[in-house]
Each structure stands twice: as structure tokens, then as C-alpha cells.
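Peer 1: Here's the letter readout for the chains.
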Amino acid sequence: MSTPETIAASAPSPSDLGDWLVDRVRFYDQVDAESVTLDAPLKELGLDSIYIMTLCGDIEDTYGLEIDPAFFADHTDLRGVAEALHTRVTAT
Amino acid sequence: MTFVSAHRPSVAPVAEGRWPVLGTDVWWRFGRVGGEPRRVAYAWVEHLVRSREGLPWRGLHRESAAVKPRLVGSEGVDFSISHSGDAVLVAVARGVRVGADVEAAPFAAFDSKALRRRMLTPAEAEELPRLRPEDARTRLWTAKEAVAKATGEGLASDFRTLAVSAPPTWRGRPVEACLAVIDDHAHPTTRHLALETS
Numbered sequence: 001m002s003t004p005e006t007i008a009a010s011a012p013s014p015s016d017l018g019d020w021l022v023d024r025v026r027f028y029d030q031v032d033a034e035s036v037t038l039d040a041p042l043k044e045l046g047l048d049s050i051y052i053m054t055l056c057g058d059i060e061d062t063y064g065l066e067i068d069p070a071f072f073a074d075h076t077d078l079r080g081v082a083e084a085l086h087t088r089v090t091a092t
Numbered sequence: 001m002t003f004v005s006a007h008r009p010s011v012a013p014v015a016e017g018r019w020p021v022l023g024t025d026v027w028w029r030f031g032r033v034g035g036e037p038r039r040v041a042y043a044w045v046e047h048l049v050r051s052r053e054g055l056p057w058r059g060l061h062r063e064s065a066a067v068k069p070r071l072v073g074s075e076g077v078d079f080s081i082s083h084s085g086d087a088v089l090v091a092v093a094r095g096v097r098v099g100a101d102v103e104a105a106p107f108a109a110f111d112s113k114a115l116r117r118r119m120l121t122p123a124e125a126e127e128l129p130r131l132r133p134e135d136a137r138t139r140l141w142t143a144k145e146a147v148a149k150a151t152g153e154g155l156a157s158d159f160r161t162l163a164v165s166a167p168p169t170w171r172g173r174p175v176e177a178c179l180a181v182i183d184d185h186a187h188p189t190t191r192h193l194a195l196e197t198s
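Line order of the protein sequences matches chains G and W.
Take the first sequence: its position 30, counting from 1, is numbered 30 in the working numbering, and each next residue is one higher.
Take the second sequence: its position 58, counting from 1, is numbered 58 in the working numbering, and each next residue is one higher.
In short, the hints are calculated from the structure, not lab data.
Since the model is a prediction, treat every value here as computed from it, not as a measurement.
Heads up, some of the hints might be wrong.
[Unchecked claim] Simulated restraints, written as ranges between beta carbons of each label pair:
| hint | chain 1 | residue 1 | chain 2 | residue 2 | range |
| --- | --- | --- | --- | --- | --- |
| 1 | G | D19 | W | A65 | 20 to 30 Å |
| 2 | G | S10 | W | P69 | 40 to 50 Å |
| 3 | G | K43 | W | R50 | 27 to 37 Å |
[As the list claims (entries may be wrong)] Quick partial rundown of chain W residues pointing at chain G, CB under 10 Å, derived from the structure:
| hint | residue |
| --- | --- |
| 4 | E16 |
| 5 | R18 |
| 6 | A108 |
| 7 | A109 |
| 8 | R117 |
| 9 | A148 |
| 10 | G154 |
| 11 | A156 |
| 12 | S157 |
| 13 | D158 |
All C-beta atoms, glycine included, are put in the ideal place defined by N, C-alpha and C.
Could you build the full structure based on these sequences and the hints that come with them?
Peer 2: Here it is, written out as C-alpha cells:
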């Protein structure tokens, strides 16, 4: 499995984070790529506990944020996740 | 392990058994099914409950989507279900909290270094490269996931501090499965299961 590139420089926008999340979830290849969108229900993206934990690790690798897997329970779609991550990124 | 004849909707052999642990019994059912693994899993829970003398079957009640359903009228009886691909594992126990996890190949998800870093204790991370076959990591995952389901913590459980035993030699299998129970001191006991014919 590939390792996501570490993104440095300026803080990513919600749009950047959303694109990155869609890319990662498509890479996990649990559902058809076309169905992975910012507004698709999170529960329909094939993100079982293994991939939620993987995504936490990928977020940490890429953005340096330590995310608890339970974080995802507060969101219904990747757009919400991206916005919450943006808040976390800009707060650090 | 006891094999029972396949019955609808299963298309492969189904194993069913009893795990005596912590002064009680965990009853489990494990197999590969033809389709609708979630529906089969709940049907198997009903089967296990109905098969136990003294356990009434009055259905399941779900408070909310975020909470595991509970058995109606069966105080102190816990159950756990898991499915992956076409593999299903369910367990029912009285007087103890039980967790079940099954993972079916391919196990490519475990190639991720990010996942391994999040799921292994430092000792496990050091030991893992020496374990064979490589899918010992899947075995570790099923044990941790089963424990997390037994405690009810689920993903709130930090797998990096959750040590489980994983025998160093294990024949790689297309399906890994594990049961876990928790004692009064929150100490987990796990038991791995194998489908010999899978």
C-alpha cells in the first residue's frame, strides 16, 4: 500500500482536505471510485474499523494531526470531515 | 470443533461450538455464507439463543443506530456479530460480555504502515516482522477488535495499548476469526477459531 506524501508549506484549505480524503478513500478500494464523493454518506464508503484506523494513520502521516477513530462518528460525510480537519489544522 | 450440516442460506460448511471460559459458556457459530451476511448473522444469533435451554427468544431491540441491539427479555446475555466478505461469526454468552471478529482475505489493508502503527503495541511492532506467516497481523487485529467489541469501547479503544496474545506460529488461513470475553478486572481472554475446510 502506498504511503501518502507529507504535505507541508501552507495550511490546506477545506477543499484540499476534501480532495485528499476522497483520494485516500478511493485508494482503499472498498467501494466503486465513482461513489466516493464529498457528500456521499460516510457509512456507504466501505470504511469499516480497519479503514477508519488506517485513515487516522494516513491523516497523521500527511498532516501531523493525531485523530481519534471516534472522531468520524461525529460526521456524516467527507465534507464534514474535511471541514473539521481544517479547523484542527489551522488551530495547530 | 463441531461441524454441522449446511442449511439455508449457508452454502458452505458451518461450524458451531461452545467455549467454556470464566465459569460460563460462549456459544458461537462460524462459517462462510452465500449472501446477505448481515441478515445471516442475525438469524444465527436467534438460532443460538433458541438452542440454549432457559434462554427466551423475544427478538432484538435497538435503542439507536449507534448502539448495539440487545436481546429482549434476556438480562445478562450478550451477543456479538461480525462479518467480512462471505464469512460470518456470531457469539452468544450469559453472564459475560463477548466480542467477535472475523476477517476474510484478501488482507491487503494490513500492508499499510499507517494502520500497523495505529494497531500494534511497541512490543508487537517489534515482534511482528519475526512472525510467520505475515498474516499474523490479521490475527492480532481480530483479537483486538474482538476485545474492543467485548468491552463495548469499539474504536474508542486504543489498540496501541491493547496487548493480546498471538502465538508466533500460525498457518495462514483465508479467514481469521476470534472471540473475546472480559473478566471483572477488565482482563481479556481470547480464542481464535478456524474453519478447517475453508
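Peer 1: Sort out which numbered hints this structure fails and list those numbers smallest first.
Peer 2: 4 and 5
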